[in-house]
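**Q** These protein sequence lines are chains A and B, in that order.
Whatever position you read off the first sequence (first residue = 1), add 23 for our numbering.
Whatever position you read off the second sequence (first residue = 1), add 5 for our numbering.
Read the hints as simulated data drawn from the structure, not as lab findings.
Check before you lean on any hint, since a few could be wrong.
Said to hold, decoys possible - Here are the simulated distance ranges between beta carbons:
{"no.": "1", "chain 1": "A", "residue 1": "Ile63", "chain 2": "B", "residue 2": "Ile159", "range": "44 to 52 Å"}
{"no.": "2", "chain 1": "A", "residue 1": "Asp36", "chain 2": "B", "residue 2": "Val111", "range": "35 to 43 Å"}
{"no.": "3", "chain 1": "B", "residue 1": "Lys93", "chain 2": "A", "residue 2": "Gly115", "range": "33 to 41 Å"}
{"no.": "4", "chain 1": "A", "residue 1": "Thr112", "chain 2": "B", "residue 2": "Ser235", "range": "49 to 57 Å"}
What the hints assert, rightly or not - Cβ-to-Cβ under 7 Å is the rule here; a few derived chain B residues that face chain A:
{"no.": "5", "residue": "Ala78"}
{"no.": "6", "residue": "Ser84"}
{"no.": "7", "residue": "Ser87"}
{"no.": "8", "residue": "Ile89"}
{"no.": "9", "residue": "Gln91"}
{"no.": "10", "residue": "Ala92"}
{"no.": "11", "residue": "Lys94"}
{"no.": "12", "residue": "Leu96"}
{"no.": "13", "residue": "Phe98"}
{"no.": "14", "residue": "Cys175"}
{"no.": "15", "residue": "Val178"}
As the list claims (entries may be wrong) - Which chain B residues stay away from chain A? Per the calculated CB distances, all over 10 Å, these:
{"no.": "16", "residue": "Gly172"}
{"no.": "17", "residue": "Leu242"}
{"no.": "18", "residue": "Ala251"}
Ideal Cβ positions, reconstructed from N, Cα and C, are used throughout, including at glycine.
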Amino acid sequence: MKVFVAAAGKDLDSMVADRFARCPVIMGIESETGEILEAIDNPYKDGTGGVGVKVANHIIQNGYKAAIGPQTGPNATSALEEGGIELFTFQGTIRDALEAFNKRK
Amino acid sequence: MKVAVASGKGGTGKTIVSTSLFLSVNDAAYIDMDVEEPNGAIFISPEIEREERFSLPVPSFNENICTFCNACAEACVYSAISVIPQAKKVLFFEELCHSCGVCKYVCPEPGAIVEVPKEIGTIRVGNNGNFVEGTLDIGIPSAVPLISGIKRYIPDNDVVILDSPPGTSCPVVETLKDSDYVILVTEPTPFGINDLSLALDIVRELEKPHGIIVNKHNEKVSLAREFARSKDVEILLEIPFSRKVAEGYSKGIPLVDIEPEYRSNFKDLIERIRVTIS
Numbered sequence: 024m025k026v027f028v029a030a031a032g033k034d035l036d037s038m039v040a041d042r043f044a045r046c047p048v049i050m051g052i053e054s055e056t057g058e059i060l061e062a063i064d065n066p067y068k069d070g071t072g073g074v075g076v077k078v079a080n081h082i083i084q085n086g087y088k089a090a091i092g093p094q095t096g097p098n099a100t101s102a103l104e105e106g107g108i109e110l111f112t113f114q115g116t117i118r119d120a121l122e123a124f125n126k127r128k
Numbered sequence: 006m007k008v009a010v011a012s013g014k015g016g017t018g019k020t021i022v023s024t025s026l027f028l029s030v031n032d033a034a035y036i037d038m039d040v041e042e043p044n045g046a047i048f049i050s051p052e053i054e055r056e057e058r059f060s061l062p063v064p065s066f067n068e069n070i071c072t073f074c075n076a077c078a079e080a081c082v083y084s085a086i087s088v089i090p091q092a093k094k095v096l097f098f099e100e101l102c103h104s105c106g107v108c109k110y111v112c113p114e115p116g117a118i119v120e121v122p123k124e125i126g127t128i129r130v131g132n133n134g135n136f137v138e139g140t141l142d143i144g145i146p147s148a149v150p151l152i153s154g155i156k157r158y159i160p161d162n163d164v165v166i167l168d169s170p171p172g173t174s175c176p177v178v179e180t181l182k183d184s185d186y187v188i189l190v191t192e193p194t195p196f197g198i199n200d201l202s203l204a205l206d207i208v209r210e211l212e213k214p215h216g217i218i219v220n221k222h223n224e225k226v227s228l229a230r231e232f233a234r235s236k237d238v239e240i241l242l243e244i245p246f247s248r249k250v251a252e253g254y255s256k257g258i259p260l261v262d263i264e265p266e267y268r269s270n271f272k273d274l275i276e277r278i279r280v281t282i283s
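Based on the sequences and whatever the hints tell you, model everything.
**A** Encoded structure:
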């Protein structure tokens, strides 16, 4: 499954970011293989407003099915829920997050 | 000429000065731009002749025509739109919308986006058009569009007084940018001077001629005079603190009715400003 991660860094040993839309790195992972599909510096990180919607739009438009990160804001939450994106809240490294995500019920 | 009355800090006396100018000068108009808390009417007691609701255009999406191409969401710099092809839905975040119209402009499908009015406040006009005030509806995030909208109601009187909102952000800039002269009202307290300094920076950035009125002046406190000297700004008038004025003000009596001798001070002031900007 194509999973979005709000990441603090660009590899699997980086932490899941502590803020969702303003995360340092936007990361995409294939959850079964752990393959990193994208890892880019978040261009919206320092935006003045509407950052949650921008990142939610990125997730929806790029075909992600789930998103791993901290709690999402109200605008991002409503967009992601409408888009049928599964939200998986996690604190720790991305590697551990992925393991927990794959074991979820 | 348009004379704006601003302050930085709230409660220094913008309205006492604005209404005094309006009530002292011939052929003047008073415009209350402090749309989040207009209070000039308390002192002017205008006869309101017209009351109009003010609205802004916001997009409305027809999901039966929309092809969910995402062009609108990509074009929206305020991120007010989320297009969800999976759910055949468009989410619109109205509080993020700035009514710029770009979504409708870029939409390739006629009728998928139409603009509908969203009411944000009320504009009242009275005293044969010489009194104008705006009131922003509760919950509306930005006062700027309403302040901009009020400008269409400004009459062409010889002297137009613009009563500015407090602070140093967008609503203040929107009020000051079309003025010919800015009066900065301060009080001789550290808070008053601190915010006066911020307001002065804005006025200088906007390159507006300006001067200071010190309200609640106290001969024993030289804060405002020292500040004016250090920044090379003229003190136009000092209004000494007076319990009589404060008590009258609390009952909605204008300064120039409590102390009528101030009328000539404000008349002179306007003539001095006229010379400065000519």
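**Q** Confirm or reject each hint.
**A** Against the structure, the hints:
1. A:Ile63 / B:Ile159: 44 to 52 Å: Distance hint for Ile63 (chain A), Ile159 (chain B) holds at roughly 49 Å.
2. A:Asp36 / B:Val111: 35 to 43 Å: holds (42 Å)
3. B:Lys93 / A:Gly115: 33 to 41 Å: Holds, at about 36 Å.
4. A:Thr112 / B:Ser235: 49 to 57 Å: holds (54 Å)
5. Ala78: Hint holds; Ala78 (chain B) Cβ to chain A Cβ min 6 Å, cut 7 Å.
6. Ser84: holds (3 Å)
7. Ser87: Ser87 (chain B) check passes; min Cβ-Cβ to chain A is 4 Å, inside 7 Å.
8. Ile89: holds (5 Å)
9. Gln91: holds (5 Å)
10. Ala92: holds (5 Å)
11. Lys94: holds (6 Å)
12. Leu96: holds (5 Å)
13. Phe98: holds (6 Å)
14. Cys175: violated (12 Å)
15. Val178: Since chain A brings no Cβ nearer than about 16 Å to Val178 (chain B), farther than 7 Å, the hint is violated.
16. Gly172: holds (18 Å)
17. Leu242: It holds; Leu242 (chain B) is separated from chain A by about 39 Å at its closest Cβ, greater than 10 Å.
18. Ala251: Holds, since 41 Å exceeds 10 Å.
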